[in-house]
Structures are given as C-alpha cells and as structure tokens.
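Order-wise, the sequence lines are chains A and B. The numbering of the first sequence is the working numbering, which starts it at 1 and goes up by one. The numbering of the second sequence is the working numbering, which starts it at 1 and goes up by one.
There's no promise every hint is true.
[What the hints assert, rightly or not] With the C-beta cut set under 8 Å, the calculated list includes, among others, these residues of chain B facing chain A:
hint	residue
1	D116
2	G143
3	T161
4	M163
5	I167
6	L201
7	G204
8	L206
9	F211
10	T215
11	S217
12	E238
13	I297
[What the hints assert, rightly or not] Label-pair ranges, simulated between beta-carbon atoms:
hint	chain 1	residue 1	chain 2	residue 2	range
14	A	G186	B	P223	53 to 59 Å
15	B	H244	A	T144	55 to 61 Å
16	A	A49	B	R202	25 to 31 Å
17	B	T144	A	G99	34 to 40 Å
18	B	H244	A	Q45	56 to 62 Å
[Claimed, not checked] Listed below are the simulated SDA-like cross-link pairs for lysine to any residue, each with C-alpha atoms no more than 25 Å apart in a straight line:
hint	chain 1	residue 1	chain 2	residue 2
19	A	K92	B	S217
20	B	K92	B	T11
21	B	K92	A	E220
22	A	K92	A	R15
23	B	K92	A	L218
24	A	K92	A	R53
25	A	K92	B	L218
26	B	K92	B	M67
27	B	K92	A	T215
28	A	K92	B	T215
29	A	K92	A	R57
30	B	K92	A	R221
31	A	K92	A	P55
32	A	K92	B	R221
33	B	K92	A	F219
34	A	K92	B	E220
35	B	K92	A	S217
Source of the hints: derived by calculation from the structure; they are not laboratory data. The beta-carbon is built from N, C-alpha and C at its ideal position, and this holds for glycine as well.
Protein chains: 2
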Amino acid sequence: MNGLVAVDWGTSSLRAALLDERGQVVDEHSMPRGILTVAAGEFPQVLEAATARWPQRQGMLCLLSGMVGSRQGWIEAPYCPCPAGFPEIAAKLAWIEAGRAAIVPGICCETQGVPDVMRGEETQVFGALSLLGLRAGRLVLPGTHSKWVRASAGRIESFATFMTGEIYALLRRHSILARTLPDADGELDPGAFEQGFRHALRIGNLLQAAFSARTLSLFERLPAELGPSYLSGLVIGEELRSQHLSTGDGPVIVVGSPALAQRYELGLRLLGVPATAVGSQATWRGLWSLARNLEEIA
Amino acid sequence: MNGLVAVDWGTSSLRAALLDERGQVVDEHSMPRGILTVAAGEFPQVLEAATARWPQRQGMLCLLSGMVGSRQGWIEAPYCPCPAGFPEIAAKLAWIEAGRAAIVPGICCETQGVPDVMRGEETQVFGALSLLGLRAGRLVLPGTHSKWVRASAGRIESFATFMTGEIYALLRRHSILARTLPDADGELDPGAFEQGFRHALRIGNLLQAAFSARTLSLFERLPAELGPSYLSGLVIGEELRSQHLSTGDGPVIVVGSPALAQRYELGLRLLGVPATAVGSQATWRGLWSLARNLEEIA
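Please model the complete structure; the sequences and the hints are all you need to start from.
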C-alpha cells in the first residue's frame, strides 16, 4: 500500500490524517467543517480543502467514516447489519470515486424488535481491537450517544446506544437542576462523582435518581460546585448499571477522549471491573486496517 | 365553620376557591399570577386581588398551599417530615395573619440518605383520601415532577419524586428525538403509547430506551405523528417500572388533570393494576379537611 488518506467526518467537525505505507500518522489536522456546515454539492470541495496540503494524496486510497455517510451527508452509505466485520463492511462501502475514495457504512442491529445504529464508531471499534491485538471484547464509546459493543472473531456482534451525554447536557443546562448548578463545570470531583454514581445504582431509575441533585442542594448537603461531578456520576452510573458487568468478564475497552474516558474508568473501577483506554488514534487505525483488508481482497 | 377561602398557589398560576360551611365549592377562579410573577412584598396585594370578589371572606379562615410556601414564595413554610398527617401539618402551618391566614408546609422524607420533598401535593393527597373515604392507599400525582405516595392511618408515610414530565418535555422539544417529531402533540394514540410503554419495561433504562424513538423513526417503523404518544408511553413506562406494582395491592389512586390521569390509568391497565382517578377538587377538599381539623384542635 502507498499510504492512506483517512477522514473522520462527523456532525460538527472534520478530522483528516495522512498515513504512510506502514499505517503511521504522518500528519493530522481538523477543521470546523462538520456535515451540518456543508451544503449539498459542496462536499468534494471541502474534502479537497482538507487534504490539499498532501500532494502525495493523488496516488492514495481515501477512506471516510462518520456522519458523512448519513442521509444528511455526502452520499448515504446504507447500514451494514450485525454481525459485521471487514468483509461485510467492504462489500457495503459507498464509493465516491471507484477504487479511489469511499465512505464506510454505519452498522445496525436489532434487539427485541427495535433497531439500533452507529456511524463512525464501528471504525473506532475495529481500530481499538487492532491497536490492542484483539479480535473480541466488550467496548464502550462514551459520548453524546454512548455505544456499548460486543465483538467476537473480528466482528461486531451486537451493540446498544445510551443517550447519556445528551441527557446529561439537557439536565445540566435546561432542567430544574440547572438552577442550583454553577455555570462552569470545573474539575471532576471524584468523591461527588462516586456519590452520584452509587445513588444511580441504588435507585435504578434516572427519572427518580436525578431529582436527588435538586434535593441534596436544597438541603445544603451538596455544594453547588460539586453538582456537575455528582450529576456526571449519576448518568454514567445509570448507563453502567444496565451492562450487568462482572469482574470475571475481562477488561472493558474504553474508546474516547481522555477527559470522558477517565470518568468511565472511574465508574468501572467503582464496580471492580478492569478497563483499558484507547484514544482518538482508534479511528486512523480502523480505517488503515480496513484499507489493508481491501487490498488483500483485491 | 363559616366557610373557607382556599388558595392553590403554584409556580405558574394561582387558583382560589370559596367554600361554604359544608365544604362545597361556591365559586372558583384562577389567575396567571404564579409565584414567579410576584415580586417580594407584593404577595398580600395579589391575594387580595384574587379574593376581593368574595366580601364574605372577611370572617373566614384562609389556607394556602403550594410553592407560595417555598423560599421563593411569600414566607417559607419549613418542610414537615414524614410520617405527616393533619396534626403534624397543623403544628407547622406558617401563619401570615394569626388565626386568619396560613400557608400549608410541604413535607419531606429521607430514603437511603437522600432527601425528597413535595409542596402542594400533600394537600391533594389528603383531599383525595377524604374524597374516597380512605385513610390509607398508594397514590400517584403525575406532573412535571410526579410523586408516588404511600399513606396509612391518615398520614403520608413515604414518597418519591420522578422527573417524568420535565424529562419528557426536554426529550420532546430539545433532544435529537425532536427532529423526527411533529410540532403538535395531537391526540393520544393508545397503540403507540403501549408500544413505548412496553419498550421501557423491557429495556429498564431510559438512557437506552429513549433512543428507540429515533431509530424506529429512522427505519420508518413509527410514523412521525405517533412519536409523541410513543415517547409519552416510554417515560410513563419507565416511571411505573420502578413501582413494583402487583394486582393484589389494590387500586392506585391517580390524582391530577384528566388528560394526564388518562395516560397513567392506561399504563396501570397495561400492568393489570386497577386505578381510581381523582381530579382537581382534591386540593379544595384537602384544605377543607385541614381547616376542619384545626377547628377540632382549637
């Protein structure tokens, strides 16, 4: 392989990287050109602007993952059903330019009659497994919509979405709880995080547990500046509660930014479950692994 | 007793009623003068304006319940701890004018180290029990913050708050789910309500279950106009899930507006639990019962 132009194109930003023939990141940068800022028909120019700094891109494959493949993106890359590994993903690539540039499809699964979807995270999952030298595992990708994933034999078997980040933000900024919370989040306070986390586990229902952030403040048992950490522990506790984790399961692989991964690692530690963190390089490794797999098929 | 001037003074509105010597409502009206619209010091004038139409009020007791007794209200009526019945409430009345006008205190309870509070709903609970000729029961008061209450021997033993109405509104209007929901709620669709209700019970976690409103719409399995009913079933299902109701427990008493009570009755029916609905007259009966009790004490 010549190298790869790898693009992670989401709703609010675009990240691009140039990888050399061994898959090492030579250069990387990001632009505030998420798909919501791009008019229909303008996608080719934005990609050109994002990669023009690399003259050597001309002879290289370009792979794009993320919301760029959604209905609101460049072209829609239909979801690939689970179980999904490289062969299934490769067969569903949405080629922008035949043999030269393609968008990675998202994946979907069905649980008890209800569909679930991810787009972009599948690439991070494959990358994280590759970075760790694994073909199976349990992973969490925290965020606005957290994904919990089970992989085996190099394929994503099933997954589930939790609206944790979004509901945290709504409670934090727009609910009655916001009235007793400070404007700035401040540093994470591990004690307050643990207090919220344990309360969520004890109550087992966010609709009820969340009100404690109000009453603890009302009764002056939770200083305002610790409120955001308490609430963060509460929603992450609620998310982890449903995973039925046990210490014998092996480590959970946490894929995400250090700030958010730290909170999930803290939560997992409170449950006695080991964690392994993988950072943002997971996307580049995922696209690289897919590219190599395409070459083997060809 | 001469009769009673009864006032239900909440955050966003004020309702007042004139009750005759037998506790019957002679006249009733409401004003958009919730406590958030009233400046400090302006409360006496607003009460005067709300009751001036009844010259006979001069010789009557006036009892007020609701957020008017909160820190942001007229004067703070400190919470009465559970178990709380008429004697405990009477001892904690916050008198505005000795022997003439008083604010009913809210009540508080403590569950596993975390406090919970209500203000105004305690009056509705006593009123509902009185209207039904009961001194014990399990009640739900649906709303922005739903209250589940256990009463026995004429006292509120314990209760719990669920932020159901508020989180519904946040999801409905401000989350990603809003993107595929119509602007107007429309009529309740019992089928879509049941579908959401059962999904909440199956999943057992709102953070996960809520995302189904997005994916069902994405896969065109839930028409947009049924989305609000589905989401309503989802959050009410999540609330009812935690009540561990069984058919042998006797009916749940649902206290609230007919539109909201109807949804809870539907949910309870899906669980095979009987329900008894009590409407807005519960507040007047509650204040009347308290007034009579004060007279007996005096």
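Hint check results:
| no. | hint | verdict |
| --- | --- | --- |
| 1 | D116 | holds (6 Å) |
| 2 | G143 | violated (12 Å) |
| 3 | T161 | holds (5 Å) |
| 4 | M163 | holds (5 Å) |
| 5 | I167 | holds (6 Å) |
| 6 | L201 | violated (11 Å) |
| 7 | G204 | holds (7 Å) |
| 8 | L206 | holds (5 Å) |
| 9 | F211 | holds (5 Å) |
| 10 | T215 | holds (5 Å) |
| 11 | S217 | violated (10 Å) |
| 12 | E238 | holds (6 Å) |
| 13 | I297 | violated (29 Å) |
| 14 | G186/A <-> P223/B: 53 to 59 Å | violated (44 Å) |
| 15 | H244/B <-> T144/A: 55 to 61 Å | violated (32 Å) |
| 16 | A49/A <-> R202/B: 25 to 31 Å | violated (47 Å) |
| 17 | T144/B <-> G99/A: 34 to 40 Å | violated (57 Å) |
| 18 | H244/B <-> Q45/A: 56 to 62 Å | holds (59 Å) |
| 19 | K92/A <-> S217/B | holds (23 Å) |
| 20 | K92/B <-> T11/B | holds (21 Å) |
| 21 | K92/B <-> E220/A | holds (21 Å) |
| 22 | K92/A <-> R15/A | holds (23 Å) |
| 23 | K92/B <-> L218/A | holds (19 Å) |
| 24 | K92/A <-> R53/A | violated (29 Å) |
| 25 | K92/A <-> L218/B | holds (19 Å) |
| 26 | K92/B <-> M67/B | holds (15 Å) |
| 27 | K92/B <-> T215/A | holds (20 Å) |
| 28 | K92/A <-> T215/B | holds (20 Å) |
| 29 | K92/A <-> R57/A | holds (23 Å) |
| 30 | K92/B <-> R221/A | holds (23 Å) |
| 31 | K92/A <-> P55/A | violated (29 Å) |
| 32 | K92/A <-> R221/B | holds (23 Å) |
| 33 | K92/B <-> F219/A | holds (18 Å) |
| 34 | K92/A <-> E220/B | holds (21 Å) |
| 35 | K92/B <-> S217/A | holds (23 Å) |
Against the hints set out earlier in the document, violations occur for numbers 2, 6, 11, 13, 14, 15, 16, 17, 24, 31.
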